[in-house]
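With the numbering used here, letter number 110 in the sequence shown gets 110, and the count goes up by one each step, no holes.
In case anyone wonders, no lab produced these hints; they're calculated from the structure. Mixed in with the good hints, there may be bad ones.
What the hints assert, rightly or not - Computed spacing ranges between beta-carbons, pair by pair: (1) His26 x Lys123: 30 to 36 Å; (2) Asp187 x Phe108: 26 to 32 Å; (3) Gln128 x Leu199: 36 to 42 Å; (4) Thr135 x Met66: 28 to 34 Å; (5) Met66 x Glu20: 20 to 26 Å; (6) Asp203 x Asn36: 38 to 44 Å; (7) Asp21 x Lys137: 42 to 48 Å; (8) Val46 x Asp21: 23 to 29 Å; (9) Met209 x Ile110: 31 to 37 Å; (10) Thr135 x Asp203: 30 to 36 Å; (11) Thr201 x Ile119: 33 to 39 Å; (12) Met209 x Ile19: 29 to 35 Å.
We put the CB at the ideal spot given by N, CA and C, even for glycine.
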Amino acid sequence: MNNISNQEKQIHPFVDKRIEDYCNQHHSNNSKILQNLDRQTHLHFVKPNMISGAWQGEFLMLICKMLKPKRILEIGTFSGYATTCFALATDKDCHIDTIEAVREYEQFLIKNFTENKVIEKIKIHFGQGLEIIPTLKERYDLIFLDAEKIHYPNYYPILVEKLNSGGVLLADNILWYGKVALEHCNDKDTQAIRQFNRLVTEDERLENMIIPIRDGIMVARRR
Numbered sequence: 001m002n003n004i005s006n007q008e009k010q011i012h013p014f015v016d017k018r019i020e021d022y023c024n025q026h027h028s029n030n031s032k033i034l035q036n037l038d039r040q041t042h043l044h045f046v047k048p049n050m051i052s053g054a055w056q057g058e059f060l061m062l063i064c065k066m067l068k069p070k071r072i073l074e075i076g077t078f079s080g081y082a083t084t085c086f087a088l089a090t091d092k093d094c095h096i097d098t099i100e101a102v103r104e105y106e107q108f109l110i111k112n113f114t115e116n117k118v119i120e121k122i123k124i125h126f127g128q129g130l131e132i133i134p135t136l137k138e139r140y141d142l143i144f145l146d147a148e149k150i151h152y153p154n155y156y157p158i159l160v161e162k163l164n165s166g167g168v169l170l171a172d173n174i175l176w177y178g179k180v181a182l183e184h185c186n187d188k189d190t191q192a193i194r195q196f197n198r199l200v201t202e203d204e205r206l207e208n209m210i211i212p213i214r215d216g217i218m219v220a221r222r223r
């Protein structure tokens, strides 16, 4: 085994699987709605592992219950798992704008949001987030970024401007399978995530930290 493989073995996974399994056994039980959505995602999508999942989903719901956001912006809807978590964990007057690039997901999303009785909270925007976000007039209490990683640095300045004071920006996959910490990993996605992490950390308008849940979540609060 060469040196690179040795380095990767030390960092993948960056949380010991025994610890991860333990954490997965000690969070609140998923609602039947989310359990069913997880199953439907695995049945209908090519890459079902892209959903937030139970552990991360519970984290998103706890953030909502503590923050009590009135407006949420999500970039990267996929099968709507995180969107549904936000909808279930917020008050009736919360509004969620979610952006998805793949129009073919529309029927699946509308069907599931309707059946789960959360459709009234949600507006789905189909297209490229970098084009849609500037057209949105609102500011947000919570923003969740889970789009193409190479575009994270481009999203950053427009998302910060959309964030209310006291609002929280969450960005998924911020450790990128541990590649951000490996000097020999310099593909475009890894470089983009490193740049995003630097932008957040160096921005005096924010206070932030990275939480190593699954593939890492950046949590940043606007002062």
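Evaluated hints:
1. Checked against the hint of 30 to 36 Å, the pair His26 and Lys123 passes, with Cβ atoms roughly 35 Å apart.
2. Taken as a hint, the range 26 to 32 Å holds for the pair Asp187 and Phe108, whose Cβ atoms sit roughly 30 Å apart.
3. For Gln128 and Leu199, the hinted distance range of 36 to 42 Å is not satisfied, since their beta carbons lie about 20 Å from each other.
4. Separated by about 30 Å at the C-beta atoms, Thr135 and Met66 satisfy the suggested range of 28 to 34 Å.
5. Take Met66 and Glu20: their Cβ atoms lie about 23 Å apart, and the range 20 to 26 Å holds.
6. One distance hint, 38 to 44 Å for the beta-carbon pair Asp203 and Asn36, holds here, with the actual separation near 39 Å.
7. The hinted window of 42 to 48 Å between Asp21 and Lys137 holds, with their beta carbons roughly 45 Å apart.
8. Taking 23 to 29 Å as the suggested C-beta distance range, the pair Val46 and Asp21 conforms, at roughly 26 Å.
9. For the hinted restraint 31 to 37 Å between Met209 and Ile110, the CB-CB distance of approximately 36 Å keeps it satisfied.
10. Separation of Thr135 from Asp203 is about 24 Å and departs from the stated range, judged on CB atoms against 30 to 36 Å.
11. Between Thr201 and Ile119 the Cβ separation comes to about 37 Å, which falls inside the hinted range of 33 to 39 Å.
12. Under the hint 29 to 35 Å, the C-beta atoms of Met209 and Ile19, about 19 Å apart, miss the expected range.
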